[in-house]
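Protein sequences, first through last, are from chains W and Z.
With my numbering applied, the first sequence closes on residue 868, and no number is skipped along the way.
With my numbering applied, the second sequence closes on residue 330, and no number is skipped along the way.
Treat each hint with caution, since some may be false.
Claimed, not checked - Lysine-lysine pairs mimicking DSSO-like chemistry, simulated, CA-CA at most 27 Å apart:
1) W/LYS703 / W/LYS862
2) W/LYS765 / Z/LYS319
3) Z/LYS107 / Z/LYS151
4) W/LYS771 / Z/LYS68
5) W/LYS758 / Z/LYS104
6) Z/LYS258 / W/LYS758
7) W/LYS750 / Z/LYS151
8) W/LYS765 / Z/LYS107
9) Z/LYS221 / Z/LYS258
10) Z/LYS68 / W/LYS758
11) W/LYS761 / Z/LYS28
Derived by calculation from the structure, the hints in this document are not laboratory data.
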Amino acid sequence: MALDLSMFNRFAVNFQAGDIVFCEHEPGDNFYLIQSGRVQIVKIIDDLEKIIDILQPGEIFGEMAILEEAPRSASAVALDNVKALEFNRENFEILMKGTPQIALKLLKLFTKRIYDQKRRFLILTLDDSQAKIADVFLMLSETQPAHDEDVNERIFMTTVEDIAHWAGVSPVESKRILSQFASQRRLEIFPDRIIVQNINDFARFVNSKRRSQVS
Amino acid sequence: MPKAVSYKTNSIVYFKGDINEKIYILNNGRVSLNYNDIETGQEMHDLIKTGEFFGVKSAIGKYPREETAVVLQDSAMIAFSVSEFEQIVLQNTRIMIKMLKVFSNQLRRIHKQVRNLLRSGTDVSDPETGLFNIGEYYLKVRKGKQAIYALRRYLTYYPSGKYASEASRLLESAESGSVPNINPISAGSGRQPGVDLSEIAKSYYNAVSLFSQEKFKEALSGFQRILENGVDGEYEAKAKYEIGRCQYNLQKYELCIKHFTSLIQKYPKHPDLIDSLFYVGKSYEGMNNIEKAAGFFKKVIAMAKDEAPIMRKAKKALKGLEGN
Numbered sequence: 654m655a656l657d658l659s660m661f662n663r664f665a666v667n668f669q670a671g672d673i674v675f676c677e678h679e680p681g682d683n684f685y686l687i688q689s690g691r692v693q694i695v696k697i698i699d700d701l702e703k704i705i706d707i708l709q710p711g712e713i714f715g716e717m718a719i720l721e722e723a724p725r726s727a728s729a730v731a732l733d734n735v736k737a738l739e740f741n742r743e744n745f746e747i748l749m750k751g752t753p754q755i756a757l758k759l760l761k762l763f764t765k766r767i768y769d770q771k772r773r774f775l776i777l778t779l780d781d782s783q784a785k786i787a788d789v790f791l792m793l794s795e796t797q798p799a800h801d802e803d804v805n806e807r808i809f810m811t812t813v814e815d816i817a818h819w820a821g822v823s824p825v826e827s828k829r830i831l832s833q834f835a836s837q838r839r840l841e842i843f844p845d846r847i848i849v850q851n852i853n854d855f856a857r858f859v860n861s862k863r864r865s866q867v868s
Numbered sequence: 007m008p009k010a011v012s013y014k015t016n017s018i019v020y021f022k023g024d025i026n027e028k029i030y031i032l033n034n035g036r037v038s039l040n041y042n043d044i045e046t047g048q049e050m051h052d053l054i055k056t057g058e059f060f061g062v063k064s065a066i067g068k069y070p071r072e073e074t075a076v077v078l079q080d081s082a083m084i085a086f087s088v089s090e091f092e093q094i095v096l097q098n099t100r101i102m103i104k105m106l107k108v109f110s111n112q113l114r115r116i117h118k119q120v121r122n123l124l125r126s127g128t129d130v131s132d133p134e135t136g137l138f139n140i141g142e143y144y145l146k147v148r149k150g151k152q153a154i155y156a157l158r159r160y161l162t163y164y165p166s167g168k169y170a171s172e173a174s175r176l177l178e179s180a181e182s183g184s185v186p187n188i189n190p191i192s193a194g195s196g197r198q199p200g201v202d203l204s205e206i207a208k209s210y211y212n213a214v215s216l217f218s219q220e221k222f223k224e225a226l227s228g229f230q231r232i233l234e235n236g237v238d239g240e241y242e243a244k245a246k247y248e249i250g251r252c253q254y255n256l257q258k259y260e261l262c263i264k265h266f267t268s269l270i271q272k273y274p275k276h277p278d279l280i281d282s283l284f285y286v287g288k289s290y291e292g293m294n295n296i297e298k299a300a301g302f303f304k305k306v307i308a309m310a311k312d313e314a315p316i317m318r319k320a321k322k323a324l325k326g327l328e329g330n
């Protein structure tokens, strides 16, 4: 999508590699559209800097600021030298009217975020920590591209800490549950990935837990 | 091509769980979207108004329908593919902005719900503590640049916050490139706010206090001394801004305009940027350059938030000019 954004040059800002664009917990009122360079979204969890996402030119970040002046939920750090357009709530409508493509992009982003958050909510409503963790794998599986129906094994490039974060279960407890799953040969844990042997087994497990909770 | 379709009472446009990439707009009739509230499990019925789109999110997001669309009374609608829908909204930004508002409300709501569920968990710190902890973390892992950013931000937002003195101390060592001893800070340790600010901060706040007593000359030399001592970063930017305000109040309009112009060039992201523009406008007004003054006030009005005091000030100032 080649967009003519020259009319927005007055909103351009530059960051050098390593610069923080905004910091977790800081009040937020700007959002950004990357023009060149990449931006890392990071969060400090248990004294470790975790990379949540790496954003490419054309992507939008910090968009939650349009919604509410809530503190930033993660930090954005320039990975390369970055040129971005910086907008706020005041000039948001100007931007949307001038470049509907960006509005459409944002519409899609919101759609995805709503879905992800609803999915996360469903995980968190499970009472049982084992089921929560199994459900995290189901969620991750749903976002992976289509699979061969006959293959039940799934490889997730994820870590124990990530799983703990999504499940809302403490890392210690998550580790315990994951090793329990591993000893039952339901999954294998590697430093950079977790392999679930039979994703359908997890689906059945989570569904039965969910049903028993409703009744 | 968009397709006109009609449905009889009690028929179903789509079921929850269906995967289908159609987006509908209701032309006439009555359609209800039925689903269970994720929080309460309660069955919800959202009535679609005529002229309203439905099925948008699951179609664009390519995920299963989250609700069942039930026809309550004979209805006519138009079905679009995702790309047809995109063409329409690209040509009609009003619809898109309206939709963005609806989605952002939904997003806000679900965010809140997720936060509430997580709150029962751990590590929900207040933003003030959180921001300070991040500065401390980066300093500990020797990421000086990031530490300086976070600590300066902390001191900007919480100049007399509970970690202010600690933050100034850490900031100094971050700026000098050393790693200090990091004191474990227990939240609510009863630290007196603003007791033990660094020397620079102290002289800065002294000058601010002179300014508020309308001792502009004294305040001006106070701020100038801070700069002469060769500070950089937050306090340099802050002091420079205050110098401009002093000059305005001392009716040194030309100096004030020159000063703010160079400030804006040096700090295009200065937190007091809009106020700076306002003072430039006021200075032009003081010099009877009504046209330029009006230009700057209009700029302020275009940039300021609706509820911001500076907005009211600029509007009032602009009105005052017209009265001349």
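Right, here's what the structure says about each hint:
1. For the suggested pair W/LYS703 and W/LYS862, the alpha carbons sit about 31 Å apart, so the restraint of at most 27 Å is broken.
2. Distance check on the hinted pair: W/LYS765 and Z/LYS319 sit about 41 Å apart at the alpha-carbon level, beyond 27 Å; violated.
3. Distance hint between Z/LYS107 and Z/LYS151 is unfulfilled; the C-alpha atoms sit about 37 Å from each other, more than 27 Å.
4. For a cut-off of 27 Å, the pair hint linking W/LYS771 to Z/LYS68 stands: about 15 Å separates their Cα positions.
5. As the CA atoms of W/LYS758 and Z/LYS104 are separated by approximately 15 Å, the hinted pair is consistent with the 27 Å bound.
6. The suggested pairing of Z/LYS258 with W/LYS758 is violated, with an alpha-carbon distance near 49 Å, which exceeds 27 Å.
7. Pair hint W/LYS750 plus Z/LYS151 does not hold up; C-alpha atoms about 37 Å apart against a cutoff of 27 Å.
8. Of the pairs offered as hints, the one joining W/LYS765 and Z/LYS107 holds, with about 15 Å between alpha carbons and a cut-off of 27 Å not exceeded.
9. Taking the CA atoms of Z/LYS221 and Z/LYS258, the gap is near 15 Å; set against the 27 Å cutoff, the hint holds.
10. As the CA atoms of Z/LYS68 and W/LYS758 are separated by approximately 15 Å, the hinted pair is consistent with the 27 Å bound.
11. Distance restraint check for W/LYS761 and Z/LYS28: the Cα-Cα separation of roughly 15 Å lies within the 27 Å cut-off, and the hinted pair is therefore satisfied.
In summary, the structure is inconsistent with hints 1, 2, 3, 6 and 7 from the numbered list given earlier, while agreeing with the others.
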